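Asker: Spelled out from the first residue to the last, the chains are:
2 protein chains.
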Amino acid sequence: MVRVIVIYDITDDTQRTKLSNELFKIGLSRIQKSAFSGDIDSQRFKDLTRICQDFIKSSNDVIHVVTLGIRDWERRIVLRGE
Amino acid sequence: MVRVIVIYDITDDTQRTKLSNELFKIGLSRIQKSAFSGDIDSQRFKDLTRICQDFIKSSNDVIHVVTLGIRDWERRIVLRGE
Numbered sequence: 282m283v284r285v286i287v288i289y290d291i292t293d294d295t296q297r298t299k300l301s302n303e304l305f306k307i308g309l310s311r312i313q314k315s316a317f318s319g320d321i322d323s324q325r326f327k328d329l330t331r332i333c334q335d336f337i338k339s340s341n342d343v344i345h346v347v348t349l350g351i352r353d354w355e356r357r358i359v360l361r362g363e
Numbered sequence: 282m283v284r285v286i287v288i289y290d291i292t293d294d295t296q297r298t299k300l301s302n303e304l305f306k307i308g309l310s311r312i313q314k315s316a317f318s319g320d321i322d323s324q325r326f327k328d329l330t331r332i333c334q335d336f337i338k339s340s341n342d343v344i345h346v347v348t349l350g351i352r353d354w355e356r357r358i359v360l361r362g363e
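Line order of the protein sequences matches chains G and D.
Counting from 282, one number per residue, gives the positions in the first sequence under the numbering used here.
Counting from 282, one number per residue, gives the positions in the second sequence under the numbering used here.
Errors might be hidden in some of the hints.
It does not matter which identical chain is used: a pair holds within one copy or between any two.
[To be verified] As a list, the in silico EDC-like pairs of lysine to aspartate or glutamate whose alpha-carbon atoms are at most 20 Å apart:
1) Lys-327 / Asp-294
2) Lys-314 / Asp-294
3) Lys-314 / Glu-363
4) Lys-338 / Glu-363
5) Lys-314 / Asp-290
6) Lys-306 / Asp-322
7) Lys-314 / Asp-293
8) Lys-306 / Glu-355
9) Lys-314 / Asp-342
10) Lys-306 / Asp-294
11) Lys-299 / Glu-355
To be clear, the hints were calculated from the coordinates, so they are not data collected in a lab.
Note that the structure is a prediction, hence the values are computed from the model and not measured.
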């Protein structure tokens with residue numbers, strides 16, 4: 282399993298919604314309006330990068346797929362409003 | 282030095298702009314409308330978490346501060362429109 286963070290700017294609203302649906306389907310959770318995270322296996326990771334490529338339509342679109350160690354993820358700081 | 286990714290949802294436009302200015306000042310670069318990344322030293326990392334706390338004003342506000350290894354950062358996949 283690998284821990285991934287997917288961070289994106291997708292200009293088109295419909296494409297952005299479709300991408301988030303795909304990220305949910307792959308098993309990731311939303312951590313911000315345009316960012317998801319979760320643990321996925323290597324096959325799903327390949328699927329993820331292939332799927333993400335399909336949503337890059339304009340020159341303003343960008344998707345970052347970052348993998349990180351589980352300890353780094355567990356040490357993250359989450360600041361939330363009460 | 283530590284590599285950080287800062288991902289945020291800040292409801293208030295003015296607060297969100299002020300936060301991004303602070304993140305630029307600390308030496309981070311914007312990787313998405315509401316996400317920054319960069320290498321900072323341990324003192325700046327303490328400043329970062331203290332500064333971020335100031336921008337949490339509403340229950341919908343959230344900031345994730347994730348540290349990761351430089352190799353994980355270098356292995357990230359960036360998909361960009363042409």
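Asker: Against this structure, judge whether each hint is valid.
Answerer: Here is what the structure says about each hint:
1. Taking identical chains as interchangeable, the C-alpha atoms of Lys-327 and Asp-294 are never at most 20 Å apart, the minima being 25 Å within one chain and 36 Å between chains.
2. In this assembly of identical chains, the alpha carbons of Lys-314 and Asp-294 lie at most 20 Å apart whether taken from the same copy (12 Å) or from different copies (15 Å).
3. Proximity of Lys-314 and Glu-363 under a CA criterion of 20 Å is satisfied intra-copy only: 18 Å inside one chain copy versus 24 Å between copies.
4. With identical chains, the CA atoms of Lys-338 and Glu-363 are at most 20 Å apart between copies only, with a shortest distance of 8 Å across copies and 37 Å within one.
5. For the identical chains of this complex, Lys-314 and Asp-290 are neighbours both inside a copy (10 Å) and across copies (7 Å), given an alpha-carbon limit of 20 Å.
6. Taking the shortest alpha-carbon separations for Lys-306 and Asp-322, only the intra-copy value of 14 Å comes in at or below 20 Å, while the best inter-copy value is 38 Å.
7. When the C-alpha separation of Lys-314 and Asp-293 is checked against a cutoff of 20 Å, the pair qualifies both within a copy, at 14 Å, and between copies, at 14 Å.
8. Taking the closest pair of Cα atoms, Lys-306 and Glu-355 never come within 20 Å of each other, the shortest separation being 23 Å inside a single copy and 27 Å across copies.
9. For the homomeric pair Lys-314 and Asp-342, the shortest alpha-carbon distances inside one copy (15 Å) and between copies (11 Å) are both at most 20 Å.
10. Only within a single protomer do Lys-306 and Asp-294 lie at most 20 Å apart by alpha-carbon distance; the minimum there is 18 Å, versus 31 Å between protomers.
11. Taking the shortest Cα distances, Lys-299 and Glu-355 never come within 20 Å of each other, neither inside one copy (29 Å) nor across copies (28 Å).
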